[in-house]
Structure formats: C-alpha cells, structure tokens
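If you want the building blocks of each chain, they are given just below.
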Amino acid sequence: MAEEVVLMKGNEAIARAAIRCGADGYFGYPITPQSEVLETLAEEKPWETTGMVVLQAESEVAAINMVYGAAATGKMVFTSSSSPGVSLKQEGISYIAGAELPCLIVNIMRGGPGLGTIQPSQSDYFQSTKGGGHGDYRLIVLAPSSVQEMADFVSLAFDLAFKYRNPAMILADGVIGQMMEKAVLPPFRPRRTEEEIIAQCPWAANGKKKGRKPNIITSLELDPVIMEQRNIHLQAKYREIEKNEVRCEEIQCEDAEYLIVAFGSCARIGMKAIEIAREQGIKVGLLRPITLWPFPYHKIEHLSHHMKGILVLELNAGQMIEDVRLALQSNIKTVHSGRMGGIVPDPDEVVDAIKEKLMK
Amino acid sequence: MKEEIIISGFGGQGVLSMGKILAYSGLMEGKEVTWMPAYGPEQRGGTANVTVIVSDERISSPILSRYDTAIILNQPSLEKFENKIKPGGTLIYDGYGIFAPPTRKDIHVYRIDAMDAAAEMNNTKAFNMIVLGGLLKLHPIVLIESVLKGLRKTLPERHHHLIPMNEAAIRKGMEIIHPQE
Chain W
1 MAEEVVLMKG NEAIARAAIR CGADGYFGYP ITPQSEVLET LAEEKPWETT GMVVLQAESE
61 VAAINMVYGA AATGKMVFTS SSSPGVSLKQ EGISYIAGAE LPCLIVNIMR GGPGLGTIQP
121 SQSDYFQSTK GGGHGDYRLI VLAPSSVQEM ADFVSLAFDL AFKYRNPAMI LADGVIGQMM
181 EKAVLPPFRP RRTEEEIIAQ CPWAANGKKK GRKPNIITSL ELDPVIMEQR NIHLQAKYRE
241 IEKNEVRCEE IQCEDAEYLI VAFGSCARIG MKAIEIAREQ GIKVGLLRPI TLWPFPYHKI
301 EHLSHHMKGI LVLELNAGQM IEDVRLALQS NIKTVHSGRM GGIVPDPDEV VDAIKEKLMK
Chain R
1001 MKEEIIISGF GGQGVLSMGK ILAYSGLMEG KEVTWMPAYG PEQRGGTANV TVIVSDERIS
1061 SPILSRYDTA IILNQPSLEK FENKIKPGGT LIYDGYGIFA PPTRKDIHVY RIDAMDAAAE
1121 MNNTKAFNMI VLGGLLKLHP IVLIESVLKG LRKTLPERHH HLIPMNEAAI RKGMEIIHPQ
1181 E
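Top to bottom, those sequences are chains W and R.
Counting from 1, one number per residue, gives the positions in the first sequence under the numbering used here.
Counting from 1001, one number per residue, gives the positions in the second sequence under the numbering used here.
Isolated chain W, as found in the complex:
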C-alpha cells in the first residue's frame, strides 16, 4: 500500500504516530498549546483498535505518576503538556530517571515564567536539558522542527528510551504544535505482547515467575555507598548516550561565513533568514541541533573554524547559547538573538540581527 500523505497539526501528528508505533498508554491533562494531543487520541479511540489506554488524569502530577507506574511494568507510555504543566511533572520525571524507566514526555512550550502566555516559546531549554527536577540526571531531548518530525520522533524517542532505559522528551513549541503541514505517518507497529515485553524488559515489575528474583523499581537508596554507585552507573550511561546519539542538521554551511544555531521553530525562521541574507550577498548557514541533549558540541566547534561569527537564535533570553559557548575553543564572536514571552521574531529581524550584532 502506498504511503498516505496527510495534512495535520504537529500535535495531531504526535498522537497519531504514538498509536501507530504501538504505544500502550497515554496519561495527560489539557493545556494550550498542546491540547490537540489528548483531543486527537480521544477522537481516534485507540482503545477500540490497538487496545492503547488513553486517560485524562486529574492533574499533571497524577499523569506523570501514572506514566511512572505503567513504565515500571515495561509498557510503552507517554504524557504531554506545555511549560507550566511540565514544571508540575518534574518530581515524577526525576523519579523516573532515577528508577531508570523508559517513557516519553512531550513539552509543547509556551511563554513563561509562571503561568505566562499561551504563545510559542523555547524558554524551557534549561529545564529540559540541564535537569528540571532534582538530582544528577539527563533526559534524551529531541527537538522537531516540522510536523513530519513530530510524527517521526515519537518512535525514535521510544526506541531510545527503551534502548537506554531512560526518559526521553520531545521538546517543541506552539508554532510546531499548532501549524499544519503534510506528513507521512510511521508504518503500523503492533503493540508488544506480554511475552515480548518480558523478553525486552527483564527488569520490569510485571509479575514474578518462579525462578526469577523479584524486580524492584525504586529511586530510593538510603545507603550512600550504593547510591553513589548508582549515580556512577547513570553517568556512565549518559556518556554512552553522548557518544552514540548526537543528531543535528547542517543547512548551507559549506560556504557560509556566518552561522545561525537554532532548533525547532527558530531553525525554520533561520532557514528563511538564510534565503533573504543570501539574496543580499551575505553567506549564512545554519546548524540545527536535533538532539538538545546530547548536544552537538563537536559539530559546532568544527563548523566555527571557517565562520566569522555565530548567531544563536532562540525564543528565550539566551539559554542554548551557553552550550554553544561551551562548544567553542576559540573566541569567535557569538551572540544571542531572540524574543521572549510568546513573541516570535520574523526572518527580517534575524537578518537585521546578523548585520547589527555580527557584521558591525
């Protein structure tokens, strides 16, 4: 059968891709601009077809703890929210990371701090890539910049989450969640059987059979000697992820003299800024981190060698720029450009920023 190309919102793509890649459950609570994830799942009624559970929890805290419980049994489960809701989930996320459980958390960011606005923002970069909850842990963070990637990254996130027994996050914003583009949904993958789950997840608490020792899922360990060992193990795992899973896209970097570093919606705006700048004879390229953690430090350092300056374009006050600066060995001029609180810059503003901040 030919692939079906459909027109849909980024949020719808998340929901429909999750059903198709064999997810076992979703637990969430509505919040703009991500409500279409839950709405689409309710419309699609996957409990009647694949048997996937869809549950509107009483709060974001309840939803993430349902994810914690279900993930402990080896099920493929996820939750979604937007910035204030994801803040509420942080305790649960830390516990899930500590207990080394695979799951997916989707954050369709809006402007903060606090309840903020419902408009697009990228101001949860620090929260997503540097911790968010307490303790030394990392999330695998994927940043889609199109509706197609919203669809594609659901199964990628689940695959990475199970490969490393680590929570993964899809970090997008109101632009990517609300816009409609065409997308090809992933091929249908049936939900795993109980036997397949037991084979894939020997650590899971899904019913002790005779002869197997009990599987205990917890993030608690009162003996600091053991707890340190557990941390050392986690850090070793994170180094492994850093080694294997960095993803990024280079756009027109070969002959570029100036580099934009941007993710998600800002990468799209940056692509248009490149078109405009090149019409004016300014050679601009773009590096788009696809994984925000692990971050493409080496790629940025490598590209910086033939650049005159770097513009880090973000919908925040300057967060990813800290990672860009960590990447650089030289003192190449590196500046931030962006808007806050739900305002999205247009491509002309970005071209002006290159001229004002880098070329003067």
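Hints listed in this document are in silico derivations from the structure and should not be mistaken for laboratory results.
Heads up, a few of these hints could be off.
[Claimed, not checked] If you want the footprint, here are the derived chain W segments under chain R, 3+ residues with CB under 8 Å:
(1) 166–180
(2) 341–351
[Unchecked claim] The calculated DSSO-like cross-link candidates involving lysine-lysine, where the alpha carbons are at most 30 Å apart (straight line), are:
(3) W:Lys308 / W:Lys355
(4) W:Lys360 / R:Lys1084
(5) R:Lys1002 / W:Lys355
(6) W:Lys357 / W:Lys333
(7) W:Lys130 / W:Lys243
(8) W:Lys355 / R:Lys1086
(9) R:Lys1020 / W:Lys45
[Claimed, not checked] Here are the simulated distance ranges between beta carbons:
(10) R:Glu1079 / W:Lys163: 35 to 43 Å
(11) R:Ala1168 / W:Arg278: 42 to 50 Å
(12) R:His1161 / W:Glu242: 57 to 65 Å
(13) W:Met227 / R:Gly1046: 48 to 56 Å
Even for Gly, the Cβ is constructed at its ideal location relative to N, Cα and C.
Once you have looked at the hints, place chain R on chain W.
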C-alpha cells in the same frame, strides 16, 4: 512556484478554514504546504489570521516578514498587513469590511464584494469560498478541481451535498473580483 499568503479578518469569518481548504488543495496536487494560525484566546468577533504557504519545494519558515498575497477582510487587518506585502504583490480586500481602502501604489489591489455576494446567494457561510474564488482567479495556485477533491476528502459524507454550493461560491468569486478603482 512558491506563494506566501496571509489571510486575516474577524474570527468567525472562516479565515482559518479558508486557509485550511487552500492548504489541503495544495496537498491534493502534491505540493508542499504550511498552515500557521495566529492562535490565541481569540473568539468570534476578535481578529484571526493564518499564514498559508504553497510551494514546489521544502518550505522554510512558517513565520514570515512579507507576503506575496494578503487577503484582508477587516480594517484592523488592513492596518496590520498592508505594509507587509512584497512590492509587486497582491492585496485582495472585501469591500464590506473596509472603510479606509488601501493606498499603496506598488502592489496590485483588488476588491471583492464577497459579503454582499454571499447575502445575495442567501448563504453567508459561502463568504470565505467566494473570497477563495477571487484569489484563484488572480493566482491559480491550485486547480478548482483540487479544491473540490479536497472538500470531498475532508468533509464527512453527510455534508457532501454542500459541495456544489461551494463550487458555485468559488465561481461567483472568480466572476466578481475586480481591480480597485
């Protein structure tokens, strides 16, 4: 081919759905499409706008500084977008919603009295399809057949009897759009 369009008017005028139909028609022809609404706590009577991009190639930004074509359905939208049309671009406005007409001379300005035509057709809901007809007369971005094919695909079967009315509205729009005097 690449056409960057802004459609802007009052909430409830069918701005978002007109954009959606245009995007869907582009999809029917295998083109790249992006539909980006200015979402917010908007409601009937407030302002609504949507960016629609139809292109043969990969689309860069869903957020634009300037547009090839602006479809303007009320006065606040004219004030917001008249200066964001590329020189040589196109502005289409509905005569009913505009009391201070556009003044730029470096763009092509067309007027379409779609509100009046919809009232004549006894169907105010046909308004946005009349405007779409006007656009397609000036810029055949997609074939009218693709619009109808898109409607057949997206509308539930019980609404398929409305498709001929939509076609009539598109053809009406093609007929009545005219350059600004």
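We went through each hint and held it up to the structure:
no.	hint	result
1	166–180	holds (count 5)
2	341–351	holds (count 6)
3	W:Lys308 / W:Lys355	holds, 12 Å
4	W:Lys360 / R:Lys1084	holds, 27 Å
5	R:Lys1002 / W:Lys355	holds, 27 Å
6	W:Lys357 / W:Lys333	holds, 9 Å
7	W:Lys130 / W:Lys243	holds, 18 Å
8	W:Lys355 / R:Lys1086	holds, 21 Å
9	R:Lys1020 / W:Lys45	holds, 24 Å
10	R:Glu1079 / W:Lys163: 35 to 43 Å	violated, 54 Å
11	R:Ala1168 / W:Arg278: 42 to 50 Å	holds, 45 Å
12	R:His1161 / W:Glu242: 57 to 65 Å	holds, 59 Å
13	W:Met227 / R:Gly1046: 48 to 56 Å	holds, 54 Å
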